[in-house]
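Student: Which chain is which? The protein sequence lines are A and W, in order. Just so we're aligned: the first sequence equals residues 58 to 522 in the numbering used here. Just so we're aligned: the second sequence equals residues 135 to 231 in the numbering used here.
The set of hints was computed from the structure by calculation and includes no laboratory data. Using N, Cα and C, we set each Cβ at its ideal position, and we do this for glycine too. Misleading hints may appear alongside valid ones.
Calculated lysine-lysine pairs in the BS3-like style (CA-CA distance at most 30 angstroms, straight line) [to be verified]:
no.	chain 1	residue 1	chain 2	residue 2
1	W	Lys-225	A	Lys-422
2	A	Lys-454	A	Lys-470
3	A	Lys-395	W	Lys-225
4	W	Lys-225	A	Lys-315
5	A	Lys-497	A	Lys-422
6	A	Lys-389	W	Lys-225
7	A	Lys-389	A	Lys-315
8	A	Lys-422	A	Lys-470
9	A	Lys-293	W	Lys-191
10	A	Lys-84	W	Lys-225
11	A	Lys-389	A	Lys-422
12	A	Lys-293	A	Lys-395
13	A	Lys-422	A	Lys-84
14	A	Lys-470	A	Lys-497
15	A	Lys-497	A	Lys-293
16	A	Lys-389	A	Lys-497
17	A	Lys-454	A	Lys-389
18	A	Lys-315	A	Lys-395
Here are a few chain W residues that face chain A, going by a calculated C-beta distance under 8 angstroms [to be verified]:
no.	residue
19	Ile-140
20	Glu-189
21	Asp-218
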Amino acid sequence: MPAHFITDQAIEVIYLVSTALFVLSLKWLSSPATSRHGVWAGELGMLLAIAGTLMYRGIVDYTWVLIALVLGSIIGVPLGLVQMTAVPQRTALSHAFGALCVSLVGTAEYYLRTPHVPRFMMAVLSMEVILGSLTFTGSLMAAGKLQEILPQRPITYKGQNLVNISLLAVALAVAVYLVLNPGETRLFPLIIAIPLVFGVFMIIPIGGADMPTVISLLNSYAGLSAAAMGFVLDSKLLIIAGALDGSSGFILSVIMSKAMNRSFTNVLFGAFGQVQAAAAGAVEARTVRTATAEEAAAIIGAANSVVIVPGYGMAVAQAQHKVREFYDALTKRGVDVKFAIHPVAGRMPGHMNVLLAEADIPYDKLLDMDAINPEFPQTDVALVIGANDVTNPAARKDSGSPIYGMPILDVDKARTIMVIKRSLSPGFAGIDNELYYLDKTLMLFGDARAFVGDLVRQLGGEGHG
Amino acid sequence: MTSDLITSLYVFMLAAFVGFEVIRRVSPLLHTPLMSLTNALDAIAVVGAIVLAGEHKSTLATVLGTIAIVAATSNLVGGFLITDRMLRMFKSSRPKK
């Protein structure tokens, strides 16, 4: 075995190449045309780094390393083959695994080095273990909620924020004490255990609608904990990979919380739960205009431009493929069809695009909010399928509304609006949607998949395109 | 040791800026694959775990290192696999080239 050992400098050079490949990997992801090269660059970088590490002369026994690599691959393959609707929970689970790896390595490093741990080293080590541990349980909780093993609704109780902040404060206080007295090995388990509990408590008050923000935030934590691990091991490769992941998670959290009109603190301290309870009672009887599939198809068939606004309800009803048939039927008739994608449509950033791409809808027809909003006034028909709060004009007009200020899709500016919905029940935010009561809005009551199927039949698009 | 540390901080800061600029340019269309790709790249932590498990400095380190390798490798394999599956699905309506 020792025959193929290479020098430490050679390994550093391999890591340098890997780092470059990682940056290129993310750069190529910027456009769908080059994105798959990005995956290949990442894979090559990873392969080089692992191969280089395996040749490190400090490694004396390969047995466990190889067993673990094989076992990890065996677990990884099914996790890479999940359904597209399950991608959010898979992602949360992978944040948990990443964080687990980081905390375990941090813990082992502490016990190897104690009591001779310099102060700064102890500080980053504590950060690594605290962030890793809370991300581990927090992500498991998020995955459980997304998989609906755990209840999706926020669970709140009096003094919840006080309990959570106190837990975190105690963990940080212990960490500070350890920085000053790194030899106090008895205290070290506390900075693992308390963050593990905190991770659970942190996610309990967060509802299903906030999951896109939470997943992004946990992504950021996972990245930062990996960067901290890089400081501990003095590995620039790890610092850079962690920083890239951390900034990616951070950017996505900012985008998500802006799209939800919430601040980070607002998401984390679960104020939405209370709003939901308060507003749900105020449903007054107002009249809406309804239409049958036949009537709706007649209007859509005469339109020049149609914008489809999909929400997660569409994915829940498994209507993507029917929507694709609908898209085909209209395109065949020469109708211009586009999709309006709100940043929080779906359960994680960009999720709706993946679901529609899976149904073979071309990506250049998927427009984000800023691109599609100016087009609504020239749109003949806007068809809302399973989306609610993100189309509510109250966000623009009604300063008393809980969603006031939230960026929305300007569906109400289209010439005719159609909404496929099971009933008039309110959305996540628990508020009534003004859009439904407009004179130019037609409510199409029914199951999304069945109704779109009916529309396709009426438009003569049966027989699959 | 302190100069190493400062270098590491510089590296971290510059990488964060680079990450910010590169990731800002990723189309919202691809935000889900972005997250699964950065996740897979994050699994580079496996190199630290390999050294820990392979050096055999203590039983605890070997055990924790081995579990850490399993966790990171499953992320790595699963992350790249699903990212590629997703990206393969994105097709343009315009004919290629």
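Student: Against each hint, give a clear statement of whether it holds in the structure.
Tutor: Hint check results:
1. For the hint linking Lys-225(W) to Lys-422(A), the alpha-carbon distance of about 10 angstroms falls within 30 angstroms, and the restraint holds.
2. Our distance criterion of 30 angstroms between C-alpha atoms is met by Lys-454(A) and Lys-470(A), whose separation comes to about 13 angstroms.
3. A hinted pair counts as satisfied when its Cα atoms are at most 30 angstroms apart, and Lys-395(A) with Lys-225(W) qualifies at roughly 15 angstroms.
4. For the given pair, Lys-225(W) sits about 29 angstroms from Lys-315(A) by alpha-carbon distance, which is consistent with the 30 angstroms threshold.
5. Straight-line distance between C-alpha atoms of Lys-497(A) and Lys-422(A) comes to about 25 angstroms, which keeps the hinted pair within the 30 angstroms bound.
6. Distance check on the hinted pair: Lys-389(A) and Lys-225(W) sit about 18 angstroms apart at the alpha-carbon level, within 30 angstroms; holds.
7. For the hint pairing Lys-389(A) with Lys-315(A), the CA-to-CA distance comes to about 38 angstroms; that exceeds 30 angstroms, so the pair is violated.
8. Straight-line distance between C-alpha atoms of Lys-422(A) and Lys-470(A) comes to about 20 angstroms, which keeps the hinted pair within the 30 angstroms bound.
9. Proximity of Lys-293(A) to Lys-191(W) is assessed by CA-CA distance (about 23 angstroms); at most 30 angstroms being required, the pair is judged to hold.
10. Annotation: proposed proximity of Lys-84(A) to Lys-225(W) holds, straight-line Cα distance about 19 angstroms (limit 30 angstroms).
11. For the given pair, Lys-389(A) sits about 15 angstroms from Lys-422(A) by alpha-carbon distance, which is consistent with the 30 angstroms threshold.
12. Proximity of Lys-293(A) to Lys-395(A) is assessed by CA-CA distance (about 45 angstroms); at most 30 angstroms being required, the pair is judged violated.
13. Of the pairs offered as hints, the one joining Lys-422(A) and Lys-84(A) holds, with about 23 angstroms between alpha carbons and a cut-off of 30 angstroms not exceeded.
14. Restraint check for Lys-470(A) and Lys-497(A): the C-alpha separation of about 10 angstroms stays at or below 30 angstroms, so the hint holds.
15. At roughly 59 angstroms between alpha-carbon atoms, Lys-497(A) and Lys-293(A) are farther apart than 30 angstroms, so this suggested pair is violated.
16. Only pairs whose Cα atoms come within 30 angstroms are accepted, and Lys-389(A) paired with Lys-497(A) is accepted, the gap being roughly 26 angstroms.
17. Restraint check: the Cα-Cα separation between Lys-454(A) and Lys-389(A) comes to about 38 angstroms, which exceeds 30 angstroms; the hinted pair is violated.
18. Only pairs whose Cα atoms come within 30 angstroms are accepted, and Lys-315(A) paired with Lys-395(A) is accepted, the gap being roughly 24 angstroms.
19. Using the Cβ-Cβ criterion of 8 angstroms, the hint placing Ile-140(W) at the interface with chain A is not satisfied: the shortest such distance is roughly 10 angstroms.
20. Interface hint at Glu-189(W): satisfied, since its Cβ lies 5 angstroms from the closest Cβ of chain A, which is below the 8 angstroms cut-off.
21. Interface restraint check: Asp-218(W) against chain A, minimum CB-CB distance 5 angstroms, threshold 8 angstroms, status holds.
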